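Build the full structure now, drawing on both the sequences and the hints.
Chains as they are written, first to last, in numbering that gives the first Met the number 0: chain F, 0 to 280; chain L, 0 to 280.
Treat the hints with caution; some may be incorrect.
What the hints assert, rightly or not - Below, computed lysine to any residue pairings styled on SDA-like, alpha-carbon distance capped at 20 Å:
no., chain 1, residue 1, chain 2, residue 2
1, L, Lys270, F, Glu253
2, F, Lys270, L, His243
3, F, Lys275, F, Pro180
4, F, Lys275, L, Thr240
To be verified - Chain L is nowhere near these chain F residues, computed Cβ spacing over 12 Å in every case:
no., residue
5, Asp31
6, Pro63
7, Asp86
8, Thr129
9, Gly231
The set of hints was computed from the structure by calculation and includes no laboratory data. No experiment lies behind these values; they were computed from the predicted model shown. Backbone N, C-alpha and C define an ideal beta-carbon position, used for all residues, glycine too.
Protein chains: 2
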Amino acid sequence: MVGQIETQNQPQDSVALPETHGELVIIGGAEDREGECRILREFVRRAGGLQSHIVVMTVATGLPGEVGEQYIGIFKRLGAEDVRVVDTARREDASDPKAIDNITQATGVFFTGGNQARITECLKDTELETTLHKRFSEGAVIGGTSAGAAMMPDMMIVVGEGATNPRREVAEMDRGMGFLPNVVIDQHFAQRGRLGRLLSALAQQPASLGFGIDENTAIVVSGKIVEVIGEGAVTIVDESTVTHNNIESLLPDEDLALCGATLHVLPTGYKFDLEKRSPIF
Amino acid sequence: MVGQIETQNQPQDSVALPETHGELVIIGGAEDREGECRILREFVRRAGGLQSHIVVMTVATGLPGEVGEQYIGIFKRLGAEDVRVVDTARREDASDPKAIDNITQATGVFFTGGNQARITECLKDTELETTLHKRFSEGAVIGGTSAGAAMMPDMMIVVGEGATNPRREVAEMDRGMGFLPNVVIDQHFAQRGRLGRLLSALAQQPASLGFGIDENTAIVVSGKIVEVIGEGAVTIVDESTVTHNNIESLLPDEDLALCGATLHVLPTGYKFDLEKRSPIF
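This is how it looks when you write it as structure tokens:
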């Protein structure tokens, strides 16, 4: 089985990872597309650089033509050999042989921003999803910004309020695309004040490691190692150290309590070990 | 010496507190002033209830007449026996015998919102400040909202950007009024996305315990015990557990890294022990 998760012999609470796979470039939205393009440049480099074949997935956006053209221009400017858009606006598009073939040829697949629910509505449990996981396990790089970042875990934040304290209702969760299982990801993190939203998401599902990624900031995931690149920081909340929470006793709209979580804030260049749940410095 | 801090025989890194003093009601701004007024009601109750003599300090606001009248109306409606405004718009007002006398008679002193720099500019090292600390040590309750909350520690956030990752430049610090030493307080916390600002403040001075207080939320400090009341939550960051930060090597505008801080999020009813640095549940 492609993309199958090995859970045997993993230390408890660690992030179980497939044994072999490509890399992930998970961007907190609003990445630089006009200047140095540090993050998108890194995506192209890891996807094969001058030999890279990149597919831009526009399924999340309501403006696939415009957004697709923009990323084609950027990735070509950054040196990619081949860049093409796959737009799966309807679920049936996700079994189109041409789309499948494009993914099969890709060394890098990039998901644009938009609405993350559209990504899973159109792709979940389709042939295209299977092909994506196959290519990922073979070494292709999967990138995504904003909605394209949110969809990376097995459980994603579909929608939710920022700038509020945590409550169960703040974050609506649903299945994600499962490229980085057992974590929660939130994007536009500092810019939209999403600490409460990330904690709300963590509280209502088994993962206990949350990544809040700022705008124009990304994590590059290579096996068990996460590296931060870009302008802002990545805020990591580790709930495995929590000594008390009140999630089991909460009635609707009551406030979440959380005691003893571990907090890391990592800027560019810092790394984090997913298995040890520990920053590397 | 009134308000002197006993630092002998305190466990290292604990919050040193005066041996005797009144209570503090520290509000994250935008407290309910029209409905149940849960927080302001608690302030009046702790200041003596029907026997309370309350002074409203309008020094922080540019609209002292209007804001003063509003709080007079609220505190009278909530049952206070006597409510009067002391406005120290100029520094010389802080040695006015009438102002000093009003503070001396007060069982509760409430600082309105506005600009916290105005509070310390007009009151720091004046007779009125000495009188405030004397009354506090005798049991008077000191309350404050927004700017009136920011000024409570010995070092306060004067001004600073929200919705950003931590950098040294994000929070400009200066001396506060010193009612709650050895902590940092930030207000409008979730609403203005101020996690980065709180961490920026903590990083640049010795205190290692930060309280981020949401709007319409307060902490009531009685000796070493902090209790949360109100609508939102209080986010507590404890830096005493930090295993690594890069503050010593930062050049201007570089991003702060922080590994291994402890995070608590406490809603209404939860308590925190300042000496043990631990939530009580």
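Against the structure, the hints come out as follows:
| no. | hint | verdict |
| --- | --- | --- |
| 1 | L:Lys270 with F:Glu253 | holds, 17 Å |
| 2 | F:Lys270 with L:His243 | holds, 13 Å |
| 3 | F:Lys275 with F:Pro180 | holds, 16 Å |
| 4 | F:Lys275 with L:Thr240 | holds, 18 Å |
| 5 | Asp31 | holds, 16 Å |
| 6 | Pro63 | holds, 30 Å |
| 7 | Asp86 | holds, 33 Å |
| 8 | Thr129 | holds, 37 Å |
| 9 | Gly231 | violated, 4 Å |
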